[in-house]
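Asks: Residues per chain are reported as follows:
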Amino acid sequence: MADAVIYLSAVADSDLTDAELSDLHAVDDASVHVVTEAPLAAVVSSVDAERFSAPALRRNLEDLGWLETIARAHDSVVSGLANQRPLAPVRLATVFMDEDNVRALLRSRSDELVRTLDRIRGRVEWAVKAFSVAPDREQPIPGSSQAASPGRAYLERRRGERDSAARHRQHALDEAEAVHARLTELAIASRRYPPQDRRLTGFQDEMVLNAAYLLPEGGDAELRRLTEESGSPRLRLELTGPWAPYSFATLESQ
Amino acid sequence: MTSAGVSVPGRARPLDHRQESTNLADILERVLDKGIVIAGDIRVNLLDIELLTIKIRLLVASVDKAREMGIDWWEHDPTLSSGQRDIAAENRRLRERIGALEAAQSSPPDGKRPARKRDTEDVQRG
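Going down the list, the protein sequences come from chains W and R.
Under numbering that gives the first Met the number 0, the final residue of the first sequence carries the number 253; numbering is consecutive throughout.
Under numbering that gives the first Met the number 0, the final residue of the second sequence carries the number 125; numbering is consecutive throughout.
Derived from the structure by calculation, the hints contain no laboratory data.
Source: prediction; values computed, not measured.
Every residue, glycine too, gets a C-beta built ideally from N, C-alpha and C.
Check the hints yourself; a few may be wrong.
Simulated coverage check for chain W against chain R, where a stretch passes if three residues somewhere in it have a Cβ under 8 Å from a Cβ of chain R [what the hints assert, rightly or not]:
hint : region
1    : 14-20
2    : 97-111
If you only want the chain W side, here are some residues facing chain R, beta carbon under 10 Å, derived [what the hints assert, rightly or not]:
hint : residue
3    : A29
4    : V33
5    : T35
6    : F51
7    : R57
8    : L60
9    : D74
10   : D117
11   : Y153
12   : N209
Some chain R residues judged to face chain W by a derived CB distance under 7 Å, without partners named [to be verified]:
hint : residue
13   : R29
14   : G39
15   : I97
16   : L100
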């Protein structure tokens, strides 16, 4: 195809075959195939050269709707395959002019890419988020003065509520840090992300921990147990996974 | 990916285990920020894309975090300006406070104002 360029989704070992990719749908619903350069294989698909040119990409990536479509397609290929074999995801929108250039990349960065794959071989990523649960507003604030004037009582009550909310939040933050410390000890590696904004999570509760943990495949029982035990009236925990090892399949030079 | 509802007896907060509804923020923070970074033939530095960077940071990072990073232009974007009133109120409070401090400073009758003196010393040291 003259008007197509090559979209690279991930890197795997060179025993990967097209047959393993037949159920996957890449960006633009294109089929996925393998470009092999032993000992590595690249997971690629064809995309429209026009829409994936540098100026078009710059423009299109500004469009959150387009970005979501691309991001979800990218993730569906990566996740679909990471279930099956060691896989190092490549960052979104990595595009090559042709397959020869992909092969050249696999050759020139071979050692580094192999080491990256080795780091995540037999391992999966789990994610834990913690939310500070808003205190029950019906609860009376202890210590409210009843003898004071209505104005002063109001101000005292407001101050009491504010102090109590701040304490409550601090407790939740402390608990989240303790959870993260325990999970980090359990994991092979851990990474923290910035907490997500409420508008994005759709939750009223503030996110106080957003972290990823690398664990041995099938070794998540302890993580589940710890996460289950660590919730409290103040802290709501959310566990997602297994994820493709996005947070840990990075090059040393990165 | 698996999905498992986990019930936890005796705990106030059951553990949520959501996967099927993989949310966009989770995906974006991974596909944009993580994974192997390789320069392809089509060079688009994701960090060069202003709106992308800012919107993603705004969405993915908490607003406070973004402000810490010095990213605040959405305050002036009418579609994203829910926080604008807060900033205006904060500015007003700060102006009032500065006014009060200045008033307090100019009150000593002898004109030897401690803050002015410190400023001078700083300049001399520098």
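Asks: Evaluate each hint against the coordinates.
Replies: We went through each hint and held it up to the structure:
no.	hint	result
1	14-20	violated (count 0)
2	97-111	holds (count 3)
3	A29	violated, 16 Å
4	V33	violated, 17 Å
5	T35	violated, 17 Å
6	F51	holds, 6 Å
7	R57	holds, 6 Å
8	L60	holds, 5 Å
9	D74	holds, 5 Å
10	D117	violated, 13 Å
11	Y153	violated, 20 Å
12	N209	holds, 8 Å
13	R29	holds, 4 Å
14	G39	holds, 4 Å
15	I97	violated, 24 Å
16	L100	violated, 23 Å
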